[in-house]
Structures are given as structure tokens and as C-alpha cells.
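Trainee: Each chain, written out:
2 protein chains.
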Amino acid sequence: MTEPKPSNDPVEREEGLVFMPRFDQNGFITAVAVEHKTQQVLMVAYMNQEALDKTLSTGEAWYWSRSRKSLWHKGDTSGQIQTIHEMRVDCDQDCLLLFVSVGADGGCCHTGRQSCFYRVVTTETNGTTRLIKEDH
Amino acid sequence: MTEPKPSNDPVEREEGLVFMPRFDQNGFITAVAVEHKTQQVLMVAYMNQEALDKTLSTGEAWYWSRSRKSLWHKGDTSGQIQTIHEMRVDCDQDCLLLFVSVGADGGCCHTGRQSCFYRVVTTETNGTTRLIKEDH
Chain A
1 MTEPKPSNDP VEREEGLVFM PRFDQNGFIT AVAVEHKTQQ VLMVAYMNQE ALDKTLSTGE
61 AWYWSRSRKS LWHKGDTSGQ IQTIHEMRVD CDQDCLLLFV SVGADGGCCH TGRQSCFYRV
121 VTTETNGTTR LIKEDH
Chain B
1 MTEPKPSNDP VEREEGLVFM PRFDQNGFIT AVAVEHKTQQ VLMVAYMNQE ALDKTLSTGE
61 AWYWSRSRKS LWHKGDTSGQ IQTIHEMRVD CDQDCLLLFV SVGADGGCCH TGRQSCFYRV
121 VTTETNGTTR LIKEDH
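As given, the protein sequences belong to chains A and B, one line each in that order. First residue of the first sequence? That's 1 in the working numbering, and the numbers climb one at a time after it. First residue of the second sequence? That's 1 in the working numbering, and the numbers climb one at a time after it.
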């Protein structure tokens, strides 16, 4: 179980060894999922306290689906379960970094791609911005 | 200049080639910065429309500092300028992934570390959660 102890002391928050995840005003914390072997960034999603607790207790990634407004055990229907190899927290404890291995075909994105970041943002010479599809 | 054209059509948003960044209710979009050679995740921050426009026009990362409530040209005092090698957007266009090279000593975190994710979240056998300092 997590033991959130919000603190306004930046030294304690940044240099301490107490996990005090900082949820935003909606109760969410950002989580970045990275494939632990390839280092590929797969997706960015959000956890509430319950999703974080379930992630810690099960060793698999649980998120909060903002679109469906429900707890989301990633991969429970697709088989693309994300097994946590390592979880990290950033300096001000408002973001998590998850190193995961992925079940089934190893994919992550609901569009069928490995990663959700399958488009590059490019700026053309006339200044307009376009996307190019290119897996990474 | 970006040309945000918000669309509720998921096919257009997910499969289209028009960049239509989706800012949250506070006007922010999440951005993950990754070192382009090592693939190390350096930090997670936020951009508003102006920061995104400046990032695209200058080729360097600009963020919105939520704590200082001001536009933030990353590295303008430390020299740790983030030069953009590639920018990607995710499936629903509410998150950006920046592959960057970093000026000065190559660091990113205001605590002096290379990356902001210098602590691992661990769960002890009695269920309590602790942090361990360990660069990655």
C-alpha cells in the first residue's frame, strides 16, 4: 500500500526516501511506460490512488481511463499486460516512469501499433506543421 | 506556427496527418523529453500553445512552468538547452515526445542529476513503499 504523505518541504520531497506521490487537482498522476529492454517510450497515461495501489500490489500496470472514467487494467482484454520491472518517480514526485515488459504481441497502442508515438511532427519550409507516420 | 484544429473525429485525430494538439482544461499538453542517443527519459513537463509554438519555431524546448506560472526556455540560465532532434505526438494527440540533445553538462534536473527520475519506488515485504536513490 502506498503511504502518501504530502509535504511542501522541497528538500524532503526531492531528496527524501518517502514515496509521496503528488496527484493533481483531479486526483491523477502522470505515468510514462517504457519497454524495459528497448527503452522505447510506449505510452503516457494516468493513475489515481487506486490504480497506483493496484500497480504496486500486483506488479502490473493499472491506469485510470479518463475517457471511460474507470479503472483500467492495461491488457486485460488484449493480453498486452504490462509487467513492471521498475518504477521510478521524478524529483517533485508528480510523475512516474514505468519500465515494463508487455504480454501478447508486445504492443501497446489501441490502434495496433507497438507504441502510441507513431507520428513525427514536422515543420515545412512555409511554417506549416504536419505529421508523418513512422514507427520508432 | 501550429494550426490546432480540434476534432472529435477519432479517425482523423488518430490516423490523420494534421497536427491538432489537444491541450487540457488548463491549456497544457504533456511533453516527455528523452535523450536522443541514449533513449534515457530525462523529464516530463508541460507546454501551453505559446511554448509549443516557440519550440517548433526555434528547435529548442520551451515549456510552461506551472510553479513559476511563466514561459520557460529550458536551459536559458543553466546552459542545459534542449535541442529538438525529433518531436512525436501520441495517438490521441494529448502528449508529445521530444528526442533532444542537451547543452552544457548534458544534465536536466534542477537537483543536479542527469535525469529527474533518480529514485526507484520499491515495495518492502511488509507492504510499505520506499524510495531508493539510483541514477538510470
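Each hint should be verified, as a subset may be incorrect.
No copy labels: a pair is met if it fits in one copy or bridges any two.
With a straight-line cut-off of 25 Å between C-alpha atoms, the simulated SDA-like cross-links for lysine to any residue are [to be verified]:
#1 Lys37 - His136
#2 Lys69 - Lys133
#3 Lys133 - His73
#4 Lys37 - Asn126
#5 Lys133 - Glu60
#6 Lys69 - Thr38
#7 Lys37 - Thr58
Please keep in mind that the hints were generated in silico from the structure rather than gathered at the bench.
Trainee: For each hint, tell me whether it holds in the structure or not.
Mentor: Outcome of the hint check:
Both within a single protomer and between protomers do lysine 37 and histidine 136 lie at most 25 Å apart by alpha-carbon distance, with minima of 14 Å and 13 Å respectively. Taking CA atoms no more than 25 Å apart as the test, lysine 69 paired with lysine 133 passes in neither setting, with 29 Å inside one copy and 34 Å between copies. For the identical chains of this complex, lysine 133 and histidine 73 are neighbours neither inside a copy (28 Å) nor across copies (28 Å), given an alpha-carbon limit of 25 Å. Taking the shortest Cα distances, lysine 37 and asparagine 126 never come within 25 Å of each other, neither inside one copy (39 Å) nor across copies (29 Å).
Taking identical chains as interchangeable, the C-alpha atoms of lysine 133 and glutamate 60 lie at most 25 Å apart only when they sit on different chains, with a minimum of 22 Å there against 30 Å within one chain. Taking the shortest alpha-carbon separations for lysine 69 and threonine 38, neither the intra-copy value of 31 Å nor the inter-copy value of 36 Å comes in at or below 25 Å. In this assembly of identical chains, the alpha carbons of lysine 37 and threonine 58 lie at most 25 Å apart only when taken from the same copy (21 Å versus 33 Å across copies).
When held up to the earlier numbered hints, the structure conflicts with 2, 3, 4, 6 and fits the remainder.
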